[in-house]
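Student: Here's the letter readout for the chains.
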Amino acid sequence: MVAVSPFDVLNSLFFTDILRVIILGFLGFYAIFTIIIVRQVDLMSRILITPVSPIVRAFSIFHAGVAIGLVVLMYGFLR
Amino acid sequence: MFPAFVKHPQNFKFQGQDADEEIVLVIRAHPITNLAWIIPAVFIFLIPFFVPNFIQFINLDFPPLSPNFSLALLIINFLLVLVITFEGFLNWYFNVNILTNERLIDVDFSNILLNNQDIAMLSDIQEVSPSRAGLLGLIFDLGDVVVQTAGARVGIDMIKVPRPYEVADMILEQAEKAKETP
Numbered sequence: 086m087v088a089v090s091p092f093d094v095l096n097s098l099f100f101t102d103i104l105r106v107i108i109l110g111f112l113g114f115y116a117i118f119t120i121i122i123v124r125q126v127d128l129m130s131r132i133l134i135t136p137v138s139p140i141v142r143a144f145s146i147f148h149a150g151v152a153i154g155l156v157v158l159m160y161g162f163l164r
Numbered sequence: 043m044f045p046a047f048v049k050h051p052q053n054f055k056f057q058g059q060d061a062d063e064e065i066v067l068v069i070r071a072h073p074i075t076n077l078a079w080i081i082p083a084v085f086i087f088l089i090p091f092f093v094p095n096f097i098q099f100i101n102l103d104f105p106p107l108s109p110n111f112s113l114a115l116l117i118i119n120f121l122l123v124l125v126i127t128f129e130g131f132l133n134w135y136f137n138v139n140i141l142t143n144e145r146l147i148d149v150d151f152s153n154i155l156l157n158n159q160d161i162a163m164l165s166d167i168q169e170v171s172p173s174r175a176g177l178l179g180l181i182f183d184l185g186d187v188v189v190q191t192a193g194a195r196v197g198i199d200m201i202k203v204p205r206p207y208e209v210a211d212m213i214l215e216q217a218e219k220a221k222e223t224p
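Quick mapping for you: the protein sequence lines, in order, are chains C and V. In this text, residue positions in the first sequence follow our numbering: the first is 86, and each later residue adds one. In this text, residue positions in the second sequence follow our numbering: the first is 43, and each later residue adds one.
The hints are simulated quantities; they were obtained by calculation from the structure and are not laboratory data. A couple of the hints might just be wrong.
[To be verified] Which chain C residues face chain V? A few, computed with CB under 10 Å, are given here:
id	residue
1	Phe-99
2	Thr-101
3	Leu-133
4	Phe-144
5	Ser-145
6	His-148
7	Gly-150
8	Val-151
9	Leu-155
10	Val-157
All C-beta atoms in this analysis are idealised placements derived from N, C-alpha and C, irrespective of residue type, glycine included.
Assemble the whole structure, with the sequences as input and the hints as a guide.
Tutor: Here it is in structure tokens:
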């Protein structure tokens, strides 16, 4: 009889499927969160007009772009 | 670039500023308060470097995940660091108090879904209470300034701002000027 380690479950198909859903779900929520950040930074940049505001706004858009890109990338990567 | 205490700032405006309204002071929480998110961010950043050694140290027979999943988890870890850092910075940068020659404005960015503004006219200011407490307050000269206005109108709290007594002096000075002006 072959001894089965409890850790073998980590490499089982079932476990990797669950992990895939968790990772993609996390990245999906993260992408939505970054879009909310973009909106909020946009509103705050209108309230406080400083030389730094456009930089912060640009970074928030870049951040959202990276997050959305990662969802697509990981969807293909984890198949 | 990101000062917490600026007198008569140049290149700084706010929504609703009158043409003849002059900004006297812009104040944020003391930069040292940012340690509250910097320390967790650094800790989370370092986790991937320590986890393999820790697993080895406790002699856990843990089979490695496939490289794709390991990379995905590593990316999630760094995304967490990124969001803690960015959110922490935004929380600090957009939580600002503005003292003008007409009013005192408290812009709050409590979290990503809530922002709030309290505005007190200088002529309504009744009492300004600065306080400095704790070891950090003593070392870095930071504390709270509570501004109370007439009646049940808005009260403004400035939390962990640098030089609280100087801030209180400046508010009172501007309030006196505003009351003298007809």
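Student: All the hints need checking, so say for each whether the structure fits it.
Tutor: Now for the hints, and whether the structure bears them out:
Here the hint on C/Phe-99 is broken, as its CB sits about 14 Å from the closest CB of chain V, past 10 Å. Below 10 Å, beta-carbon pairs count as interface contacts, and C/Thr-101 has one with chain V at about 7 Å; its hint therefore holds. Among the interface hints, the one on C/Leu-133 holds; its C-beta lies about 6 Å from the nearest C-beta in chain V, closer than the 10 Å criterion. For C/Phe-144, the suggested interface contact is upheld, since its CB lies about 7 Å from the closest CB of chain V, less than 10 Å.
The beta carbon of C/Ser-145 comes within 8 Å of a beta carbon in chain V, closer than 10 Å, and the hint placing it at the interface holds. At about 6 Å, the closest approach between the beta carbon of C/His-148 and any beta carbon in chain V falls short of 10 Å, and the interface hint on this residue holds. For C/Gly-150, the suggested interface contact is broken, since its CB lies about 13 Å from the closest CB of chain V, more than 10 Å. The restraint placing C/Val-151 at the interface with chain V holds, with a minimum CB-CB distance near 8 Å, inside the 10 Å limit.
Annotation: C/Leu-155 was flagged as interfacial toward chain V, and the flag holds, the nearest CB pair being 7 Å apart, inside 10 Å. Interface restraint check: C/Val-157 against chain V, minimum CB-CB distance 13 Å, threshold 10 Å, status violated.
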